[in-house]
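Keeping their order, the protein sequence lines are chains A and B.
Per our numbering: the first sequence = residues 4 to 355.
Per our numbering: the second sequence = residues 4 to 268.
Everything labelled a hint here was simulated from the structure, so no lab data went into it.
From the three backbone atoms N, C-alpha and C, an ideal C-beta is built for every residue, glycine too.
Be aware that a few hints might be false.
For the chain B half of the interface with chain A, some residues (derived, Cβ under 10 angstroms), not all of them [stated by the list, open to error]:
(1) Leu-163
(2) Arg-168
(3) His-180
Just the calculated beta-carbon pair ranges, DEER-fashion [as the list claims (entries may be wrong)]:
(4) A:Gly-143 with B:Glu-82: 31 to 37 angstroms
(5) A:Phe-18 with B:Phe-243: 56 to 62 angstroms
(6) B:Phe-18 with A:Gln-177: 55 to 61 angstroms
(7) A:Tyr-62 with B:Glu-82: 29 to 35 angstroms
(8) A:Gly-143 with B:Val-98: 43 to 49 angstroms
(9) B:Val-89 with A:Lys-102: 30 to 36 angstroms
(10) A:His-132 with B:Glu-82: 42 to 48 angstroms
(11) A:Lys-102 with B:Ile-99: 41 to 47 angstroms
(12) B:Ser-81 with A:Leu-134: 34 to 40 angstroms
(13) A:Tyr-62 with B:Val-89: 37 to 43 angstroms
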Amino acid sequence: MSLTIENLAVDLGQFQLRDVNLTLETGDFFALLGPTGAGKSVLLEALVGLVPQSSGAIYINEREISRLPPEERGIGIVYQDYALFPHLTVRENIRYGLKFKSRKKSGRKAEGNRPDAAAELIPLLGLGHLLQRYPVTLSGGEQQRVALARALVVKPDILLLDEPLSALDPNFRQELRSYLKKLHAVSGATFLMVTHDFAEALSLARHAAIMAAGRIEQHGTIEDIFRRPTTAVVADFVGMKNLFKVEFSAAAARCEAVEFKIARRPEPGSGFIAIRPEDLILSKNPLISSLQNSFKGRVKAVRSHGFFYEIDLIVKTLIFTAVITNHAFFDLNPAVNNDLYLSFKATAVHIF
Amino acid sequence: MRKETFLWLTLISSFIVLLFVTVPLLRMLTAPSFASLWETIRDPEVYRSIGLSLYTGISAAAICFVCGTPLAYLLARSEFRGKKLVEAIVDLPIVIPHPVVGIALLGLVGKNFWLGRLMHEIGLRIVGSPAGIIMVMTFVGLPFYLQAAKEGFASVSPRLEAVSRSLGASMFATFIHVTFPLAWRSILSGIIMCCARAISEFGAVIIIAYHPMIAPVLMYERFQSFGLRYSQPVAVWLIFVCLLLFLSLRLIGGSSRRFESRGRV
Chain A
4 MSLTIENLAV
14 DLGQFQLRDV
24 NLTLETGDFF
34 ALLGPTGAGK
44 SVLLEALVGL
54 VPQSSGAIYI
64 NEREISRLPP
74 EERGIGIVYQ
84 DYALFPHLTV
94 RENIRYGLKF
104 KSRKKSGRKA
114 EGNRPDAAAE
124 LIPLLGLGHL
134 LQRYPVTLSG
144 GEQQRVALAR
154 ALVVKPDILL
164 LDEPLSALDP
174 NFRQELRSYL
184 KKLHAVSGAT
194 FLMVTHDFAE
204 ALSLARHAAI
214 MAAGRIEQHG
224 TIEDIFRRPT
234 TAVVADFVGM
244 KNLFKVEFSA
254 AAARCEAVEF
264 KIARRPEPGS
274 GFIAIRPEDL
284 ILSKNPLISS
294 LQNSFKGRVK
304 AVRSHGFFYE
314 IDLIVKTLIF
324 TAVITNHAFF
334 DLNPAVNNDL
344 YLSFKATAVH
354 IF
Chain B
4 MRKETFLWLT
14 LISSFIVLLF
24 VTVPLLRMLT
34 APSFASLWET
44 IRDPEVYRSI
54 GLSLYTGISA
64 AAICFVCGTP
74 LAYLLARSEF
84 RGKKLVEAIV
94 DLPIVIPHPV
104 VGIALLGLVG
114 KNFWLGRLMH
124 EIGLRIVGSP
134 AGIIMVMTFV
144 GLPFYLQAAK
154 EGFASVSPRL
164 EAVSRSLGAS
174 MFATFIHVTF
184 PLAWRSILSG
194 IIMCCARAIS
204 EFGAVIIIAY
214 HPMIAPVLMY
224 ERFQSFGLRY
234 SQPVAVWLIF
244 VCLLLFLSLR
254 LIGGSSRRFE
264 SRGRV
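Whole structure, please, built from the sequences with the hints as guidance.
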């Protein structure tokens, strides 16, 4: 199901959401990024129907849901702190929504004779051995899997994920990320995930929007947002400037005519690399060093930021942005159309 | 060194406070002989008064539970203009002197007021009846119930309610399946507090209903007419029966909280 948000505004006194316009296509995985306090969570709560909107409309496909109570919207939510019902077992948590679904939504979806989704989700999420346990006895990763199963059991049209991975240990995070991918593929629901982690957004989402101070600053494909920020706020927030969509081979990644040496094998499904501007080393002559990536480029633009300079460099068809100190700037003395060499370690290449 | 002196001071004063509470109670509990206790409980006047105390106290707590729960939920969950005022009103019965409570209620249901006369006309006796006692007890017990229930509801994360609703449960279903079970322990504490407060009420009750006699009134009368020795056994029995009541309430009500003790492994 597609989700359309039109001119949504929420007024919470000290905080306001204004002019929120977004469209999520059917089956999309959409990331909502932004600094803390940008209003991402408020937007989710407005979508669920927990905070009143002062104007605007929300549609699922053609159906307007803005005036419906939360239980009739068909929007599920998974919170960062899992929000499992502590007085119910894992099984009771997962099956919670089924009690209410049978009565209400049967008219809307004509698939009543299929076995219920719990039977599919429990093995898919590896929860079979935990069904009798109470939530407090589970690890963070297990709790989050239960929360996902509970939300998906009622087959929501849209699933909202409020920073689903940020409370987890790093090693659980990777595991849950792959579960999220799997669930998105299997459930067919449209996912909207709030995050402040680029790696999460890049590895999971197709489209994204950046939010700041209660407004949507930019939305589009992930690649567009990272490579072509339209506002200073987005550029600042995105930070990771050198982002390229690549094809991977054994120990290299290729984007157009440029081949990058990479230090580790990409995970299945990866499709991007990124290099931080401060990891790029510029020099007048080719460096004789152990740096595995070295390219010749031409200076396209030079920008002063007071304590440092930003240099845009064209390498074949790609544009790189490097950050250098004032001291290095006076050594190199780069001017537009000068040739410079650009080097960086294979380990500086981040893979998403 | 200074810190140690301070620690000793706190220990000593804590000990004094604890003694102050326990010694008089122990003295009273051990004063009557078994023979006099046995004789007292066979006295119909005594067991009737204790029974009436229990009956009216439990009724008052039940009324507070049924009628007070929605208000407690509202106070825990919503912000509105005048909420502070509502909270102050709810706490009034705690700060008003007990005889004043009795006088205020008597002014309402007594024969000098139309409401009292109306009730008398239709045969509803408040003054000098168990109904009047229950009314007084509800009045004084309500703040204790509301406070505990409100805290119980406030401790349930609104997120759990949000999730429940997003899963298709209406507000009412969410209250029944999530909020109430999670707040139950506090609610039960509130019921017990309210019940205890109701059973201990004396000053307001004697103004509305000296007869039929609840246990505290009987104790007072025996103390007045026969002296300390005759009121002590009644007090011991009342304490004993109340402890039994509250203990069994805890045992019955506590069984639904398995998940917590099991959780903390």
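Evaluated hints:
1. Leu-163: The hint holds - Leu-163 of chain B has a Cβ within 10 angstroms of chain A, the shortest such distance being about 6 angstroms.
2. Arg-168: holds (4 angstroms)
3. His-180: Constraint on His-180 of chain B satisfied, holds at 8 angstroms.
4. A:Gly-143 with B:Glu-82: 31 to 37 angstroms: Holds, at about 32 angstroms.
5. A:Phe-18 with B:Phe-243: 56 to 62 angstroms: holds (57 angstroms)
6. B:Phe-18 with A:Gln-177: 55 to 61 angstroms: holds (57 angstroms)
7. A:Tyr-62 with B:Glu-82: 29 to 35 angstroms: holds (31 angstroms)
8. A:Gly-143 with B:Val-98: 43 to 49 angstroms: With a Cβ separation near 47 angstroms, Gly-143 of chain A and Val-98 of chain B satisfy 43 to 49 angstroms, so the hint holds.
9. B:Val-89 with A:Lys-102: 30 to 36 angstroms: Holds, since Val-89 of chain B and Lys-102 of chain A (Cβ atoms, about 34 angstroms apart) stay within the stated range.
10. A:His-132 with B:Glu-82: 42 to 48 angstroms: Between His-132 of chain A and Glu-82 of chain B, where Cβ atoms are some 44 angstroms apart, the hint holds.
11. A:Lys-102 with B:Ile-99: 41 to 47 angstroms: Holds, at about 46 angstroms.
12. B:Ser-81 with A:Leu-134: 34 to 40 angstroms: For Ser-81 of chain B and Leu-134 of chain A the Cβ distance comes to about 36 angstroms; the hint holds.
13. A:Tyr-62 with B:Val-89: 37 to 43 angstroms: holds (40 angstroms)
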